[in-house]
Amino acid sequence: MNRQIVKLFGLVVVLFAVLIGFTSYWSVFDAEALKEEDANKRPLLEQQQIKRGRILAADGTVLARSVPKGSGDSLRYVRRYPEGSLYGHPIGYSFVEEGDSEFEQFHNDELVGNDSEFTSILDELRGRRQEGNDLVTNLDPEAQATALEDLREAGFGAVVAIEPQSGRVKVMASNPPFDPNQIPLKLNELNENELEAPLLNRATQGQYPPGSTFKVVTAAAGLDSDTITPETTIDAPGTLDVQGQELHNDFDEDFGPIALDTALTNSVNTWFAQLGEQLGEDTLSEYMDRFGFNSTPAIDLPSDQVATSGLFEGGQLLGPNDPVDLARVAIGQERLAVTPLQMAEVAAAVANGGRLMKPQIWSRVIDPDGRVTKRLDPSEYSQPISEETAAELNTAMQGVVTEGTGTNAAIPGVAVAGKTGTAETPYNDSCGGGTDENQAWFIGFAPAEDPQIAIAATVECTTEFGNDVAAPIFRDVAESILNGE
Amino acid sequence: MSARNRELTALVPVALLLTAGFAAVFAQENARLDDASLVYGAYFFAICLATHFYLRIRLPNADPYLFPLVALLMTFGLVMVYRIDADLARDQANWFVLGLVLFALTIQFLREYDVLERYRYTIAVVGLLLLLAPRLPGIGEQVNGAYLGVKIGPLAFQPAEFSKICLVVFLASYLREHREVLIVGARRVLGVTLPPLKHFGPMLVVWGASMFMLVFIRDLGSSLMFFAAFLALLYVATGRFSFVAIGMAMFLVGAWFFASTVPHVHERVEIWLDPYAHPQAAGYQILQSIFAQADGGLFGKGFGQALITIPGTDAALLPAAQTDTIYSLIVNELGLFGACAVVLIYLLIAARGFKIALLADDGFSKLLATGLTAVFAIQAFVIIGGVTRVIPLTGVTLPFISYGGSSIVANFVLLALLLLISDRARRESRAAEHSGALALEGR
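Those sequence lines, one after another, are chains A and B. The opening residue of the first sequence carries number 1 in this note's numbering; numbering runs sequentially from there. The opening residue of the second sequence carries number 1001 in this note's numbering; numbering runs sequentially from there.
Fair warning: there could be bad hints in the mix.
Said to hold, decoys possible - Derived Cβ-Cβ restraints for the label pairs, each shown as a range:
| # | chain 1 | residue 1 | chain 2 | residue 2 | range |
| --- | --- | --- | --- | --- | --- |
| 1 | B | L1088 | A | L75 | 20 to 30 Å |
| 2 | B | P1154 | A | G10 | 44 to 54 Å |
| 3 | B | G1208 | A | D30 | 38 to 48 Å |
| 4 | A | E131 | B | L1088 | 48 to 58 Å |
| 5 | A | G99 | B | D1085 | 29 to 39 Å |
| 6 | A | V28 | B | H1266 | 49 to 59 Å |
| 7 | B | L1088 | A | G10 | 31 to 41 Å |
| 8 | A | E131 | B | R1090 | 27 to 37 Å |
| 9 | A | V28 | B | A1020 | 17 to 27 Å |
What the hints assert, rightly or not - Lysine-lysine pairs mimicking DSS-like chemistry, simulated, CA-CA at most 30 Å apart:
| # | chain 1 | residue 1 | chain 2 | residue 2 |
| --- | --- | --- | --- | --- |
| 10 | A | K7 | B | K1301 |
| 11 | B | K1301 | A | K69 |
| 12 | B | K1151 | A | K374 |
| 13 | A | K51 | A | K35 |
These are computed hints drawn from the structure, not numbers from a lab. We put the CB at the ideal spot given by N, CA and C, even for glycine.
Please work from the sequences and hints to get the whole structure.
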């Protein structure tokens, strides 16, 4: 019988090996897929038990914190946003049932303390619960409040303010805002509100026609590619026939032969249209790429919540070889759609001597023991234009504010450089389909000789011009930031 | 080193492991180390030591590894159950002691375990009556659709746990007597070796008993466990694989027929095939069992870290964590490595059990040791296989780990029988070696 007993033991070994095989499959090989199953609430429930780190403004104002509910085994944490709707954008929200968005989503790993496998094993050995890190942002509470307040008066739109030398995002406001505290009750309602779209971060997701603010890009390409110099004159008639359709200056004003400063100060369409045609599609699109158009901005927000800027046809980005009306691209018309963030980056690059820094909302990570474990190390995204080109543009843009189309952006005692934009958006459903609605813009930086802040402000569906609604927002926000320092 | 000294040496690390286990749970719950873990460790060690000295006196030659291995399983069980609920762990510890008392009594009074052969039909009838008991009005109890429990006054127990020992004793005895006839009388029909018809009867009875369990007790797990033990014994006794094949075919046909007609059994199979069909209802337990394992990964979350109930409520996230799905909880908290350790302990126990069967030199001892080891290993397979979706999930306990008095006490009786067989076998083999050596010297 011994032979059979040995064989029987062999069978037991095989059966137990099957058990180990199945256990390995569930616990290791298929584990990630199982965690994604809808029926599996475990990952959510566990996350709820972790004390998520706080999110702070640059001055220490608490923007998000977790409060405990229950105790012992039933202990769980719920997110609170003390500042309400002021930071709904760009902080977003994080709730177990409703999920997360924006900054909360992007920095989830740091906020829940998923630092590394090694430290979590150490923590486990020390018997301590996983705890999240605090995140300090660059956001300036006073300027953020100013921006949202101004927007509430002006209309739907967005403001983005970036420190040019570092890429630190000091303001990111979007109107209409939302109060993240209400997400658990109102997520569906907010999602279904397509008319106002309060959950849309217009600063990074709003895709608007840039209007004349795009002339800064055209001018940068012209100067940097040596197509023109600041002294080069181009004859600027009142109207220009482009591809069978007339292109007008405001009031069809004929400027005659003028150089860049006059053209930019008065936002002369016929001048920039001809410059665009001289540049050619290759050159203009190369400079757009350098400024960050045609790719997702390198900001610390989830990539599906940051829109790309460029020329679009039916929601699709056009390639460099698609036929475009260059003259109208050069003045910010055609099928251009840009985000306020992108235009703020254009202003910031000019302000920073031609070097574009990666825009970042976070500033430092503080672990539960109060130690700073990570600090933002500003890094360059690209150098779209030379320092010389940047200086020339800077001068030209100052004229816009001192004597041109953007006088409302002027700050007493401070030199301001900027550019207005007013893109006509008639028959636009999101504006109610009227004929007089515009997309009003102002982009710029201050102080011009030593820029501390670069800002893009835009208001949608307004009957007024950039200088009337957007330039004052720029002024207020810039003043707030400059006074705060 | 003598067998008992090896046993003593092996018990020390087990007691230390229990102490460490409790220390880990305390550290998790109170965020501090607690002297209580030392006290529990000392108690545990004292009980093991008492058992060890008892074995030293009564069964000096018995296998030295079985008891430490079982103590190791009890360690896993006590710590895991304590981690779920301290009150349950107190019960578990009491049953551990009660189990050891029965263990000692079995060794005391069944030293000449051959007497079991004399009462084999009585034992078989007792085994069947035990199986029937849960369906008897007044004392029967239905648990999750299966009739597994008996309740007489304050005393509740699961008779199937004891019944399995009765059945193995009967089969070992019956097959010891008839194995020759079964082998010699076999005929080949259409290329298949069939057992002689005359002796087919009792086997049909066993098959009938398994089917009966499926239909009336509605317990797929126990039924599978019993029949598999029967086939294992039949194979070892006769060496005819064809008998096993026929038996398996009969079981499968019967199981298939009843699985499609008995609603409870049918449902269990359906859940096994597609647990996602009703993730919040019928499929909840097996799905949560698998999700708990996925949560564990390679190293597990650590003692006391896994979720058993939904936080803030009493709703179970891992249903029956202290009994059916305790293995999933082990995977969750100790990871794949911890689970491998548990399976390895069962495998080592099986190895020692079969070793005893190999050493034993009379047919009854061999078959009894084989049967007891097989039924023990299969029980572990049925429940671990159930919670890992290898086979349909049924309510069988994980021996020595799951919370439950009947299971612990019955398995300690099983262990006592194995050690009794082992003591005799090793004594005789040593005696044989000794006389052989003397013979050599005399030459």
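Quick rundown of the hints versus the structure:
Range check, L1088/B to L75/A: Cβ separation about 22 Å, and the 20 to 30 Å hint holds. In this structure, P1154/B and G10/A meet the distance hint of 44 to 54 Å, their C-beta atoms being roughly 45 Å apart. Our hint of 38 to 48 Å for G1208/B and D30/A holds, since their Cβ atoms are close to 40 Å apart. Taking 48 to 58 Å as the suggested C-beta distance range, the pair E131/A and L1088/B does not conform, at roughly 30 Å.
At roughly 34 Å, the beta-carbon separation of G99/A and D1085/B lies within the given 29 to 39 Å, and the hint holds. Checked against the hint of 49 to 59 Å, the pair V28/A and H1266/B fails, with Cβ atoms roughly 33 Å apart. Range check, L1088/B to G10/A: about 37 Å between beta-carbon atoms, so the 31 to 41 Å window is met. For E131/A paired with R1090/B, a C-beta distance near 33 Å keeps the hint of 27 to 37 Å intact.
About 25 Å separates the C-beta atoms of V28/A and A1020/B, a value consistent with the hinted range of 17 to 27 Å. Restraint check: the Cα-Cα separation between K7/A and K1301/B comes to about 38 Å, which exceeds 30 Å; the hinted pair is violated. Simply put, K1301/B and K69/A have alpha-carbon atoms about 23 Å apart, close enough for the 30 Å limit, and the pair holds. As the CA atoms of K1151/B and K374/A are separated by approximately 63 Å, the hinted pair breaks the 30 Å bound.
Proposed proximity of K51/A and K35/A is supported: the alpha carbons are some 21 Å apart, at most 30 Å.
When held up to the earlier numbered hints, the structure conflicts with 4, 6, 10, 12 and fits the remainder.
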